[in-house]
Amino acid sequence: MVGIGALGVVSAAGMGVASLKQALQQPHFQAPLGLSRPDGPPLPVVTCTGFDTKGILPPLVARRLDRPSRLLAVAAKEALAPWGPELPWPRDEVGVCAGTWNAGTDALVEILKAVFTAGPEEAPPMHFPNSVANAAASQLGILEKLGGPNLTFFEKQASGLRAIVEAARFLRSGRAQAMLACGVDEAQWLNAECFDRLRALRKPHRPGFPLGEGAAVLLLTPNPSPVVIAGTGAAALPTMPHRYPESPEALVAACHKALAQAGLAPAHVDLVVSLANGSPALSQLEEAALRKLLGSHRPAVVGSVVEKLGEGAFSSALRAAVAALVLGGEVKPQWPVPQHLQAHGFPSVAEVGQSPRTALVTAVAAGGACVAAVLAAS
Amino acid sequence: MFSVVVTGVGMVTALGLSREATWGALNSGKTGIRPLTLFDPTGYRSQLAAQVDTSALQLATIGEKARRHACRASLMALAAAEEALKQAGFDSVFGAPWPVIFGGGAAGLWEAEGFFAHRLTRGPQARGLTQFLEVPQDVVADRVALAWRLTGERTTITTACSSSALAVGVGAERIARGDAEVVLAGGADALCRLTFAGFNSLRAMDTEPAKPFDRRRQGLSLGEGAAVLVLEEENHARRRGATPLARVLGYGVTNDAFHMTQPEPTGSAWARTVRQALEAAQVAAEDVDYINAHGTATEQNDPAECAAYLQVFGERLARIPVSSVKGAIGHCLCAAGGIEAAITVLALYHGLLPPTANFQEPDPACPIDPIPNRARKQPVEVALSSSFAFGGNSAVLALGRA
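Residue numbers (the numbering used here), protein chains in the order written: chain A, 1 to 378; chain B, 1 to 402.
Where hints are given, some of them may not hold.
Partial selection, computed: residues in chain B whose CB lies under 7 Å from chain A [what the hints assert, rightly or not]:
hint, residue
1, Val93
2, Leu133
3, Asp138
4, Leu202
5, Leu317
For the record, the hints were derived by calculation from the structure and aren't laboratory data. In this text, a Cβ means the ideal position worked out from N, Cα and C, and glycines have one as well.
Kindly produce the complete structure, drawing on both the sequences and the hints.
Structure (structure tokens):
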């Protein structure tokens with residue numbers, strides 16, 4: 001058994017799970033878009049504008065952490081808070097699995113800017129440790145003195161859900177007594193500009209996704225919990241690294257594996273947390289996959305998590321957190337069902353009378369890697 | 001639990017573009033650390049690196065689509081995967097449901113640095129698109145999966161210098177627990193200005209080729225390369241007549257929760273990783289007869305690593321051969337653990353222990369038998385391959401003779 005013991009979230013909806021729940025209950029919630037660049041117009045990125053470490057991290061600690069590490073540390077503090085300072089597990093038995101798409105980019109840009117404009121000797125040493133993508137997870141390990149497995153996973157926007165899947169594996173194999181499973185990203189202008197050059201970002205004249213930033217943490221334990229991770233699965237359809245797969249078969253296969261591990265049939269799925277991000281190719285893929293997987297069954301859908309809070313590795317972990325909140329009866333999301341699923345008769349949570357007991361959360365990375373998790377109310 | 005064997009190894013390093021070329025040069029004490037030509041190293045503390053001539057890579061069976069816009073790291077990984085699959089004796093692997101589990105590194109950062117230089121100095125009008133397509137760390141695994149149309153789950157682990165060692169450990173555990181019959185595990189990393197500037201800023205690079213465990217050591221030499229191991233469930237391998245090269249017995253993974261760039265100096269945190277690997281492998285410390293060390297040749301790493309071994313093996317450590325290949329192939333960062341696991345597999349298979357290149361003066365803080373400069377013929381039953389990384393992410397693989 002892998003139970004979800006607690007959650008921690010920093011998103012554009014605000015700091016903490018309570019802010020996320022509040023946003024989910026507002027049908028027209030939309031985080032503002034806009035990430036400034038030093039020499040160009042702003043880019044369509046959702047940022048955590050109200051994020052502050054004051055009162056959560058000691059100032060001297062916060063100062064030496066880069067932004068992804070701060071985002072993750074604050075979200076993890078919230079997830080660990082219910083246990084107080086004395087965790088019920090030895091800290092050497094508590095691990096971290098984090099997924100990220102862009103952690104380290106800002107440090108990387110600062111180093112390269114120094115190299116290209118002032119020379120290699122001017123590269124600031126303080127930025128180098130943060131240029132590795134595992135910095136946020138490692139800093140969390142150092143901050144909380146967690147000596148268990150500490151791994152960072154990189155599968156583009158699927159990384160956060162991948163981290164949850166792998167954290168569950170570490171628990172099942174007995175390599176840890178508790179795992180912080182996380183997704184984390186930072187808003188960085190050059191990173192966003194690269195997506196804009198690829199014409200992937202949403203603009204008034206073209207469809208696409210808004211990038212985002214934030215951190216979502218699920219504290220996983222083998223203890224009984226109101227919501228559990230009942231099954232996980234993964235598959236891939238080889239595709240060029242910057243393209244979504246054209247066929248839904250790998251996503252369907254990942255879902256089947258997760259459902260089989262959970263001992264459930266597709267008809268048992270009560271809730272789907274949509275992965276749609278505004279990109280037509282991904283919407284088509286999701287629609288085709290769900291129709292193939294579910295046949296005529298139409299579970300409730302939580303829509304627009306990515307469109308409202310931004311795309312990224314963190315948002316695939318955030319979708320799992322949203323599923324856990326809904327299954328735990330903590331929130332009834334009011335966000336509309338995305339048009340591509342609404343057109344095929346998928347209802348919203350508000351339209352379905354019964355409280356959902358099982359949820360399907362999926363993620364697809366450009367390049368073709370697909371991940372799925374089934375969460376269940378126990 | 002299922003038994004896991006290695007049936008294929010592919011390797012690309014500065015010593016050679018193939019497994020055999022690397023293995024032969026390594027054991028004769030050669031070093032691949034030479035003047036860097038990939039970019040102008042003026043202004044850096046060291047002008048040396050273990051650089052791979054990727055223009056000479058042979059990619060006989062790789063289709064054009066899988067190579068188009070591929071970065072140097074991806075090309076090295078494709079070559080290593082091709083060689084590993086060939087040794088494993090797989091004739092037709094297209095569409096196989098095998099997981100690809102790699103350690104992620106700098107990927108296409110060197111290619112993207114040209115664009116970044118223009119963008120940061122010339123503003124938003126700077127042109128650029130294809131140069132940064134391969135920046136995401138998982139593109140290397142994407143390329144390998146694309147080349148052979150592999151449909152199994154794809155995982156890229158990024159824990160700095162232990163990334164690809166963990167990929168091997170995690171991949172083996174997938175097989176041991178019955179989740180897969182075959183896994184391609186390993187990783188690739190490529191030189192770039194970022195890592196050169198970063199280690200330069202930390203004053204961690206030697207101006208001469210790195211000298212692991214030597215009293216004169218002054219830091220590391222950066223390297224690049226790739227290794228891919230075909231991991232296979234033993235019965236699956238034997239049924240198809242494949243030759244097991246070695247066994248993956250288990251692995252340890254911990255975090256020292258100490259510092260982002262400095263190792264915990266007493267070695268107790270790393271000793272915990274070693275003990276975890278032994279426990280997972282169900283072997284005693286007395287059974288270990290070779291250690292392929294992390295051995296970066298930095299002032300802090302080598303004594304801390306030896307202190308860890310001393311805590312686990314006691315006075316017997318002096319009689320256990322311990323070598324580092326980083327004086328020969330440089331520190332290949334996220335590919336290092338995979339390459340060193342591949343070398344350890346070959347050591348077990350051939351009964352030949354690779355040397356520590358550039359070793360001259362013993363350091364009292366490193367009380368080990370470093371196999372100086374020439375390989376040693378010695379049968380091995382159980383070997384460890386250690387990787388200790390930025391952020392305290394440690395991994396130790398326990399490997400056994402097949």
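Do the hints match the structure? See the list:
Hint status for Val93 of chain B: violated, given a least beta-carbon distance of 12 Å to chain A, over 7 Å. Annotation: interface hint on Leu133 of chain B holds; nearest CB of chain A at approximately 5 Å, less than 7 Å. At its closest, the beta carbon of Asp138 of chain B sits 5 Å from a beta carbon of chain A; the interface hint therefore holds under the 7 Å criterion. The interface hint given for Leu202 of chain B holds, since its Cβ lies 5 Å from the closest Cβ of chain A, which is under the 7 Å cut-off.
Because the smallest distance between the Cβ of Leu317 of chain B and any Cβ of chain A comes to about 23 Å, over 7 Å, the interface hint for this residue is violated.
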